[in-house]
Amino acid sequence: MSADTMIREEVVPVNRQVGLYAYDQVDRTFLRERIDQFRDQVARRVSGELTEDEFKPLRLMNGLYLQLHAYMLRVAVPYGTLASRQVQALARIAREFDRGYGHFTTRQNIQFNWIRLEDTPAALEVLAEADMHAIQTSGNCIRNVTSDEFAGAAADELLDPRVHAEILRQWSTLHPEFTFLPRKFKIAISGSPQDRVAARFHDIGLIARPGPDGRPLFEVFVGGGLGRTPIVGTKLRDDLPEEDLVAYLEAILRVYNEFGRRDNIYKARIKILVQALGAEDFRQRVDTEFSAMDRARYRLEPALVQAIRDRFGVPAFEPEGDAPALLAQARKKDRAFDTWVRTNTHPHRAPGYLSVVVSLKPAGGIPGDATAEQLDLLADLAERFSFGELRVTHLQNVVLGHVRQDRLYEVWQALSVAGLATANIGFITDIVACPGLDYCALANARAIPISQKLSSRFADLELQREIGALRINISGCINACGHHHAAHIGILGVDKRGEEAFQLTLGGSGEEDASIGQILGPAMSEDDTVDAVARLVDFYLVRRDGTERFLDTYRRIGTAAFKDVVYAPA
Amino acid sequence: MVDIRSNRRDAGGRSVITANRLLDGIVVWRMKDGAWCTLISDASLIPNDQVEAILDKVKPEAQSQGVLGVYGVQVQEDEAGRTVPVTARERIRAFGPSVHPEFSPQDFAAENRTRESSHVG
Amino acid sequence: MLLLENGHPVTDRWSYAAEGEALGTGPVIVPLSRLSEGLGRSAGELGVMLPVDESVSVLRGALPRLSLIVITFPVFRDGRAFSQARALREHLHFTREIRASGHVLPDQYEFLVRCGVTTVEVPDNADLPVWERALHQFRVAMQPSVVNEKPTGFGLRRFLPA
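Residue numbers (the working numbering), protein chains in the order written: chain A, 1 to 570; chain B, 1 to 121; chain C, 1 to 162.
Accuracy of the hints is not assured; some may be wrong.
[As the list claims (entries may be wrong)] Simulated pairs of lysine-lysine, DSS-like, Cα-Cα distance not exceeding 25 Å:
| hint | chain 1 | residue 1 | chain 2 | residue 2 |
| --- | --- | --- | --- | --- |
| 1 | A | Lys56 | A | Lys235 |
| 2 | A | Lys56 | B | Lys59 |
| 3 | B | Lys57 | A | Lys56 |
| 4 | B | Lys32 | B | Lys59 |
| 5 | A | Lys496 | A | Lys563 |
| 6 | A | Lys184 | A | Lys267 |
[Claimed, not checked] Selected chain A positions facing chain B (in silico; Cβ < 10 Å):
| hint | residue |
| --- | --- |
| 7 | Arg44 |
| 8 | Val46 |
| 9 | Gly48 |
| 10 | Leu66 |
| 11 | Asn113 |
| 12 | Trp114 |
| 13 | Leu437 |
| 14 | Asp438 |
| 15 | Tyr439 |
| 16 | Ala443 |
| 17 | Gln452 |
| 18 | Arg497 |
| 19 | Phe539 |
[Claimed, not checked] Derived DEER-like restraints, expressed as beta-carbon distance ranges:
| hint | chain 1 | residue 1 | chain 2 | residue 2 | range |
| --- | --- | --- | --- | --- | --- |
| 20 | A | Asp238 | B | Leu23 | 47 to 57 Å |
| 21 | B | Gly66 | C | Ala18 | 42 to 52 Å |
| 22 | C | Pro129 | A | Pro522 | 57 to 67 Å |
| 23 | A | Val46 | C | Asp124 | 18 to 28 Å |
| 24 | A | Arg535 | B | Gly12 | 41 to 51 Å |
Worth flagging that the hints you see were computed from the coordinates, not collected in a lab. Fair warning: this is a prediction, and the values are worked out from it, not measured in the lab. Even for Gly, the Cβ is constructed at its ideal location relative to N, Cα and C.
Bound conformation, chain A alone (with noise of 0.2 Å):
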């Protein structure tokens, strides 16, 4: 029997999970074939046959860092959705191959820490019973593409886009042509005007909206990113139809494998080329390529689409009846549930719903963590709360996305009980931090500990509130993987003669009124920049305007006093 008619047996999975693409075998047999060629690839590697030059980049297109103390798997999560089954099968690898936690990342990935290469196919083939991989997580290709942890559930949204970043994601999957960019290339969607994805951050950005025919239309933003040099992204276009989708994301990828620079590491993204051409000359480029090439053959026909949306399940909403009733009283007879639905609920598009933030930073945690227990928890309240979905934040936290607001109340008991109940959703202690010099090999300062710091330091509720809206995001170096350019106060790593110290932005936004940190003033130590942080935000407590929040008072009185708070002498 041929390849051919063996494939062609091609069958709707019967059970279409709740927010996630389903696999057909297809898509399994897939997954098999790369772990096959990854193991092979390991096999030349430990035989000499492959040098560690050349199974590098290959080890990193399967997800694996060798870090500071061992080699470190990062899982891809596409479009930051899981199904309750996988959440299930990240806890078995927390536990069989790690140290019994994994940590969720600013794209919306997971990593583990302790892995070995020798048993990374095998974590492999328990990820790929799980539909699941970590194909592209890493290396100079297209990376995962993220989208909105509200997607398909919150009120504000347009469109849901996980259909078309899951289009996305098969596109860009062994992409022939896009393999070895200069760079990597990473790639967020979004469908609603509120962006929650931080599009302008990203080497392409997309925001999502129904035309007037109704079909989508796409804003595509491109050459936007943080790291050593951030940038704003540029709008290419307002208007893409989902037509030409892929089309016109290829034509860019063209531009981009051709022209990048490939002579400095430091100057290889897309935004660095964006601004070398200047936009208007870039735009053309990728405008040429678009015309000359042969649009048909990526043409994102209705029917093709709408086979991919087919295999989406579509969560049942019962009617609301008296959930809204529930709730309320539930609120009225318990003060801290009260208090946590105020800051870690969202507004839900179906009436009697609401969606659910867990909050992965307890005061003195580790921002991100979750231990196999903690997995498993989550997995559970998935399958039972939420039609078996759970999605990761690029804010480190995780959400369930559709929970009937009468059983809320059990939602925030079980998550109280394993510690996943801290009501600071957006507050001073909802911190963003990477993995820093404790676990980075790039590193050059540790981000954990400062963060444990201050939201030891913040961790009172009221105090919470009353502060208000604050995002603080720390990277322990200038790579910026915590994003803390795109922070209210950004806190940066840097090494002063070998030795750690940090540096102050303030002012950065990840949202659509997108903004970069500025730098405050020389480095300092861990404890000062601590205590420069409380006095910066009792300076915006006295000098606030009504309700504005810290990043406008910023913005409204400028840098200059804020400066002074910190460096003036006392």
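For chain A, the structure is supplied; the task is to place chains B and C on it using the hints.
Then chains B and C, alone, in the frame of chain A:
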């Protein structure tokens, strides 16, 4: 692999040679007899004027010894006489992540010794 | 040096022009700098080496007279040659042999073929079974290519040749 930050070597100082094991990525240190161990306390101390020559000899053998990323780390002795790297980064490599003290190479080695001895007999 | 086509060694009837020497009358591959000299010959098949940082459009005028274009990988990580091969097929409609030379890994073989590359130069001590296996690693690709494989009927997937 060139490690710029850890290659600050004083003329009169001493260094140890380090690498990562290929199969599991674990940090290892070179001992006097040329074998690799997991504890920096067992590493051979080398006067800085000899480090480059030893690296030139060791690096080509990395593949056959199952290690990669061989380089030198300057160390000093603390009050207790322990060998301690002079930079923050190398201290963390040597003694484990500060936020997970239970994962230090020292604790891990002790754990494995206990496990081994309980298997005997 | 061995020449691979479809995963197997084949005879190489081409030779590279020797620096400072005449091109002769046989099939010869010239550097770009000697292209006009090659075009000036009255007989013999002509091949040219395309540097990795050149646009394929520099070959537009010579294309009808070229039997072979060599794309180069100064290092395997430099992926510009993939785009060059694809552009030669797609925009210049070049239908004859495209050869990959330089530092390439067998792990890139399928990508090369899918970008329109015909033959690959490998070292004499290349592990040939690995190269052959590389073309049969995957049965389906997740996106179209310039080679225009058969769609599977779902998404943008394509069947890869058995």
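Taking the hints in turn, this is what the structure says about them:
no. : hint                              : in the structure
1   : Lys56(A) / Lys235(A)              : violated, 34 Å
2   : Lys56(A) / Lys59(B)               : holds, 18 Å
3   : Lys57(B) / Lys56(A)               : holds, 24 Å
4   : Lys32(B) / Lys59(B)               : holds, 16 Å
5   : Lys496(A) / Lys563(A)             : holds, 21 Å
6   : Lys184(A) / Lys267(A)             : holds, 12 Å
7   : Arg44                             : violated, 12 Å
8   : Val46                             : holds, 7 Å
9   : Gly48                             : holds, 5 Å
10  : Leu66                             : holds, 6 Å
11  : Asn113                            : holds, 8 Å
12  : Trp114                            : holds, 7 Å
13  : Leu437                            : holds, 6 Å
14  : Asp438                            : holds, 4 Å
15  : Tyr439                            : holds, 6 Å
16  : Ala443                            : holds, 8 Å
17  : Gln452                            : holds, 7 Å
18  : Arg497                            : holds, 8 Å
19  : Phe539                            : violated, 30 Å
20  : Asp238(A) / Leu23(B): 47 to 57 Å  : holds, 52 Å
21  : Gly66(B) / Ala18(C): 42 to 52 Å   : holds, 44 Å
22  : Pro129(C) / Pro522(A): 57 to 67 Å : holds, 59 Å
23  : Val46(A) / Asp124(C): 18 to 28 Å  : holds, 23 Å
24  : Arg535(A) / Gly12(B): 41 to 51 Å  : holds, 43 Å
Of the hints listed earlier, those the structure fails to meet are numbers 1, 7, 19, in rising order.
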